[in-house]
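Colleague: Please work from the sequences and hints to get the whole structure.
Here the protein sequences come in this chain order: A and B.
Note that this note's numbering has the first sequence beginning at 1, numbered continuously upward.
Note that this note's numbering has the second sequence beginning at 1, numbered continuously upward.
Hints in this document: simulated from the structure, not taken from any laboratory.
Incorrect hints may appear among the rest.
Which copy is meant is left open, so a pair is good if it fits within one copy or across any two.
Each computed DSBU-like pair below joins lysine-lysine, with the alpha-carbon atoms no more than 35 Å apart [claimed, not checked]: (1) Lys287 - Lys173; (2) Lys284 - Lys312; (3) Lys346 - Lys312; (4) Lys344 - Lys180; (5) Lys344 - Lys287.
This is what each chain is made of:
Number of protein chains: 2
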Amino acid sequence: MENRYCVIMCGGVGSRFWPFSKASAPKQFIDFFGTGRSLLQMSFDRIASIIPVSNIIAITNERYAPLVREQLPELADGQILLEPDRRNTAPCVAWAAYHVRALNPDAMMLVAPSDHLILKEEEFRKRVVHGFDFLAAHKDALLTLGICPNRPETGYGYIQIDKENMVDDTITKVKTFTEKPNIELAKVFVDSGEFLWNSGIFMWRAEAIINAFHDHCPDIAMRFDGGKEVFGTDKETQFINTEFSACPNISIDYAIMEKSANVFVQSADIGWSDLGSWGAYYEKSPKAEHRNVMHNCRTVINNCRGNIFAAKKEKLIVASGLDNFIVADNDDILLICPLSEEQKIKQYVNEVKANFGDKYL
Amino acid sequence: MENRYCVIMCGGVGSRFWPFSKASAPKQFIDFFGTGRSLLQMSFDRIASIIPVSNIIAITNERYAPLVREQLPELADGQILLEPDRRNTAPCVAWAAYHVRALNPDAMMLVAPSDHLILKEEEFRKRVVHGFDFLAAHKDALLTLGICPNRPETGYGYIQIDKENMVDDTITKVKTFTEKPNIELAKVFVDSGEFLWNSGIFMWRAEAIINAFHDHCPDIAMRFDGGKEVFGTDKETQFINTEFSACPNISIDYAIMEKSANVFVQSADIGWSDLGSWGAYYEKSPKAEHRNVMHNCRTVINNCRGNIFAAKKEKLIVASGLDNFIVADNDDILLICPLSEEQKIKQYVNEVKANFGDKYL
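Modeller: Okay, here's the thing in structure tokens:
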């Protein structure tokens, strides 16, 4: 157990879920399903029985430090890494790896986004434990969790497995990573049985991912090598505040996973959704009459089908004549738009910014 | 001037404008057009130059006393009559008449609802002054203002004029009162040139309307006769608190106007709207791009036509894909429904009441 670490990434902005997810309080900090726990807290709860709490690290943007401290009081200050700038996932993962390796040269890391939904938690834990066992025997492997697809989703990345190279009944060598496909291609992927969804959940030894950075993204590796001796010390923050912003802004998939020859995928059926959009939220939510989804609000609904009604606390929504809309009310913002336009929400947020500044972001 | 009185009725609930008009703050108290003055205040402003301020009386439900005092500080406490109960307009008018007659036996009264819009104020004042002149010569007459119709509106009552009995070029004997017609009948009415809209604005001598109550609604007249000597004294409130609730719940139209033989109408072109509904409000409001009406709110609008977007203060509404809807957000209530369903709002309010009690009314 003592070599198991978890790095929970919780610095994202979640703009596709605006106005519920705002830059001032992104979706991972929201109690999305009214269960009393935020997505971040659910991420913590999910792993706290298989990874020592003292080995759990949250990495986030420094503006969210108060939210993380409030929501995860179990973490000591040293377990919260604060990024001074947004640099996508590659610099984030690299820092976490250097940090964890300094604490424990034999550390194995689970890297987990905090804004996803995982409904089958026991199965998830089984896959994680199986992954740690695999890493103990395959010290250089980079392992990702791949989700068995249940539909030709065009919003996800796909991983093609290499059927000739099965390690066991769930873990396989990866053949290719594929970015979001069009619908025709997505159908081919799903029908082939050779593709899994890329969950963005990774496992590796800290040493292995650092080596991979040296091989495929030396820019980042060299920069962090420059501060090798400060990780895990009280000089780490100052080093990061000086160096982090100079890192390239790229994703771990693009920087490492798509380039490395040593990548494996474990297929997992864990009730996963990236909750990347209102549409994904709609799919995962229990339906009221006429396929409406009510989030947190009191409603009087007539002649409405297939909508999301989302509000906060005591808000009453009275609606009539809406089909397949998002109605999301968050204090000083009301969004009403067709569910089919969810991809345009980012554009609306940009219009809001252009017209009214940062007030509503 | 000293015989001219005005009774501003401001006790209505305005439920058709929910959620902007709520029982706790009905529409007459709202600054509907963002001009800085509520409809009640506009009603006061409109007449203050032709009727002495000390002769202006507001009659309302006792729960709205604080709102009236706040909005019309020009009125002394004795100029605000507080109904202990809702009893429609007949008991309201009767009380006001007994009260005013006690103050001045020669009093002539303008009875004005406070929740209407009158755009041509100068023309309105001309009609009122002309009405007072008429009453001075026709001491028993009951005079109503009739609005020249510009469309076959089915939401209003109509007044048929008696063309054989013209008093002058604007005042005519009334032939019949007609309740809200269906659309076919409304078209016939408008085409005939013999019908005016019933504005609910009345003028008469206090003595004349009290006599009419004796003739056509003795139940109410007898009850108020029983307190003849208390009106205008400090015992009036106690008398009203005992007797008012026993009055029948009926309108002045039904109790008196439709029955009296001595009713006249003055036709008036005063830019009038009863603002009885969101539709009426839409018609009267300036239109933004794509015929949308924005009330008080910040908006980012795409692909929306012919809607009302109404909110309070700093609320931002981002909307897409709505045509001809009412979107009205008032603190803890959001209403979204087609403008064509505005007649159903009362029903929605009833559903709200059934589900959530009085909290949102």
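Colleague: Which hints, by number, does the structure contradict?
Modeller: Number 1 only.
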